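The hints should help you fit chain B onto chain A, whose structure is shown.
Going line by line, the protein sequences match chains A and B.
Counting in the numbering used here, the final residue of the first sequence is number 479, and the numbers go up one at a time with none missing.
Counting in the numbering used here, the final residue of the second sequence is number 479, and the numbers go up one at a time with none missing.
Errors might be hidden in some of the hints.
If several chains are the same, the list does not tell them apart, and a pair holds so long as it fits within one copy or across any two.
As the list claims (entries may be wrong) - Mimicking DSS-like on lysine-lysine, the simulated pairs with C-alpha atoms at most 30 Å apart in a straight line are:
1. K321 <-> K177
2. K345 <-> K423
3. K321 <-> K370
4. K345 <-> K321
5. K177 <-> K345
Bear in mind the hints are in silico, worked out from the structure with no lab data behind them.
Remember, predicted model here, so these are calculated numbers, not experimental data.
Protein chains: 2
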Amino acid sequence: MKESEQTMDDLELIPTDQLLPELAEYVGIPSVSRSATIETMREAAGWLANQLSFADGRMVETDGFPVVRADWLQAPGAPTVLVYGHYDVQPTGSLDEWETPPFEMTVDGDIARGRGVTDDKGPVFIVLKVAQAFMAQRGGLPLNVKFLFEGEEEIGSPNLPQYVKDHAEELAVDLVISADGAQWRPTEPSLSIASKGLATLSIAVTGPTGDLHSGRFGGTVANPVHALSTILASLHDESGRVAVDGFYDGVAELSPERRAEIDAVRFDDEEYRESVGSPELFGEAGYSTLQRLWERPTLEINGVEGGGKYTVIPHIATGHVSCRLVGLQDPAKVLAAITKHVESLNTPGVTVNITTDKGGVPAYRIDAGHPAIAAATAALNYVYPGEEVLLAVIAGTLPPTTMFEKVLGAKTIFFSFSIADEKLHAPNEFLRLRRIQEGMRAWEKLWILLAAGLETSAQGASNGEVK
Amino acid sequence: MKESEQTMDDLELIPTDQLLPELAEYVGIPSVSRSATIETMREAAGWLANQLSFADGRMVETDGFPVVRADWLQAPGAPTVLVYGHYDVQPTGSLDEWETPPFEMTVDGDIARGRGVTDDKGPVFIVLKVAQAFMAQRGGLPLNVKFLFEGEEEIGSPNLPQYVKDHAEELAVDLVISADGAQWRPTEPSLSIASKGLATLSIAVTGPTGDLHSGRFGGTVANPVHALSTILASLHDESGRVAVDGFYDGVAELSPERRAEIDAVRFDDEEYRESVGSPELFGEAGYSTLQRLWERPTLEINGVEGGGKYTVIPHIATGHVSCRLVGLQDPAKVLAAITKHVESLNTPGVTVNITTDKGGVPAYRIDAGHPAIAAATAALNYVYPGEEVLLAVIAGTLPPTTMFEKVLGAKTIFFSFSIADEKLHAPNEFLRLRRIQEGMRAWEKLWILLAAGLETSAQGASNGEVK
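So here's chain A without its partners, still in its complex pose (with noise of 0.2 Å):
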């Protein structure tokens, strides 16, 4: 929306070449939470502690790197939500790829380049300073808000469940709202109401004791390469559907309302397939290539190795396999499903170990009529008048929403200003500048609207606004 759209009751927000002085400030803090030292981390939670100074913000340390905690409870009776995000970043990758130093945050145009412009910096930037609008201009916020960023989404929080647990009282809310997990695509708003689950396993397929030359032992030994290729090709069925025993349980039937809904987002297969590369798309029989991505459940080989381009019987041949779950798939039951279907294969002369990672994280949803969605479509309707807001799926896993459901017992939302397509974990990572007053007034909208509305939840109010 243009600034003169803004009504009487809007907030005035900080033009964005004067907050970027101060993001670029942010950015410039390399918090690479898989190198970083940890003073490096700390001076990032320390600047972001530093913004949240009207709602006691603090660094709290936890076994690896700090948290920032924040609170604003001061709007009795209305609801409390948690804002979530992080303050590291992925690591540069080459240098040489960047057309401009990671850290040194660069306007181009349109865009500002940087690690972790948009990833998660930028949009918890945006957060940042709309709360700060409101307490300048209305002394308070409209709602009680806990603020918690972490610093290693980048390699899995390790040690954000523990902190979560052991102060689930301290956290507990309404809400959550994550200013992490970029919209889906730059042509339209978008509001994910799922994500899907993760599983992953090893396969390792040992045989002789060490490699042994193809010639003066072939034709004695069984190959482990040979045996991997055979249960690596037995998981899918010809028509690309999982060929596991098992792996569907829990997984309804997708509806003739929701394949409906599906059809009517609009989606180019040809434009997807350039985009990607691939001669042509494929996937399970029986869906079009966007229901398979939002609403089927996956079995991806993700690496295969094995000896080489050299004459010789490998000892040892590893798969890697991860499975994205949707529905009530249960993690545990789809690898003990995959383990029994990889051990019931006739795989003579070689032994097959499988290792099943910890960890799996269940599909997460929230219903299409939460009043949540309903609040945050509608903030994004203001902002984005006569755009159609789209309820996507993020095909991708985000453990911090299962954990928050599971510890907490509350929902979450995404209300993230980056988009998928920002150069996430790449070089030259960016942030379109319009997100950032997009953003700030959207969130404004948001908090309002909660405000009002999250309460009447048990009425179901809201579902009328939900497309």
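Frame of chain A, contents of chain B only:
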């Protein structure tokens, strides 16, 4: 044999302990063809040429490392043989694994340890010393000998074929005797009557342009590792037989006679299984382990690679395949058959690229009744009285053998006093010391028998001596 057993007619051989300092000198030159400088390689070649001064020993430059040539052709009417071997050695591998420094030959009980001592410096040294003994005590060799030692055997002899083609006339001989090619096992003397051919290719399966996030793109595109696994799994049937149409073209049915011959060889499956460490032996149904090893062609997957243990759909997966050939299998036709097989498979959504490698080698075989085999058998019988000489197969591939047959029209026999268990190519390579005297005596007898007998090959006069 004990030295006291030598007959009046035998050469006086220099005792091993007097020979060792000279062998140590040769082993001490680190002529690792994969990494050494041309100067080091010339030092080794020069050492050899110097030993052959009685036959005009000389280094001859090639496009790579020099060959060593020498000719003693003063036995008119006697046959002419080419003695082949190599002066280069394998890399040492990790020095930590060596009990003593690889290039300081160390006598340890009844063995000498050092890189190259058994592959192929010791076996070549044996020939030099017996030739020198003939020269010193008899004033000449019993037959005409051309010596050809290369410095690139361990890197695939890239320049030898061209050298031999360019000097085919100069190298014309009745027989090649290889001082390379270890005997099968320490329990009995053996001669190799065949070696397998080799044909190799790689299969690259590509899908999307780059690795894709397995969540955000899962279910929309074919996974190259999956397609590769399907391809690799299809190359054999469940019984272990190669399932590629045309693969077995040129492979004769294994005759009941040959089956019986092999069955008569003492070979303990369980002992063999323990030595390789596989949980059980496995291979093409209908053949014993040794029948498969010696007489059946194989197709092995030497390696696979693609992606890793992280949640991606890899954009490429590669498999490397090598086949060992027997009988009249044509390497080019075998590769064409595999290519056709792979291309006939249904692998939607990916692109399959097959790269067949040049330099395929057909199988090699010398008739068990060949007079040279008879002579070699008799020579071994003389040195190992009462022990049956085993006619074995080298299940590996010996490219020079095939090349000599093609370019010079001469068969090769293997007459090395290395044994396959002497850690060839591995740390702690060693040579049994007793083999130096045994080897010298055997070469002496071989040359004398060939001088008398090769001319009679047309009459098959020696056949009766073959085991």
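Structure-based check of each hint:
| no. | hint | in the structure |
| --- | --- | --- |
| 1 | K321 <-> K177 | between (49 Å within a copy, 29 Å between copies) |
| 2 | K345 <-> K423 | within (24 Å within a copy, 63 Å between copies) |
| 3 | K321 <-> K370 | between (34 Å within a copy, 14 Å between copies) |
| 4 | K345 <-> K321 | between (37 Å within a copy, 21 Å between copies) |
| 5 | K177 <-> K345 | within (25 Å within a copy, 66 Å between copies) |
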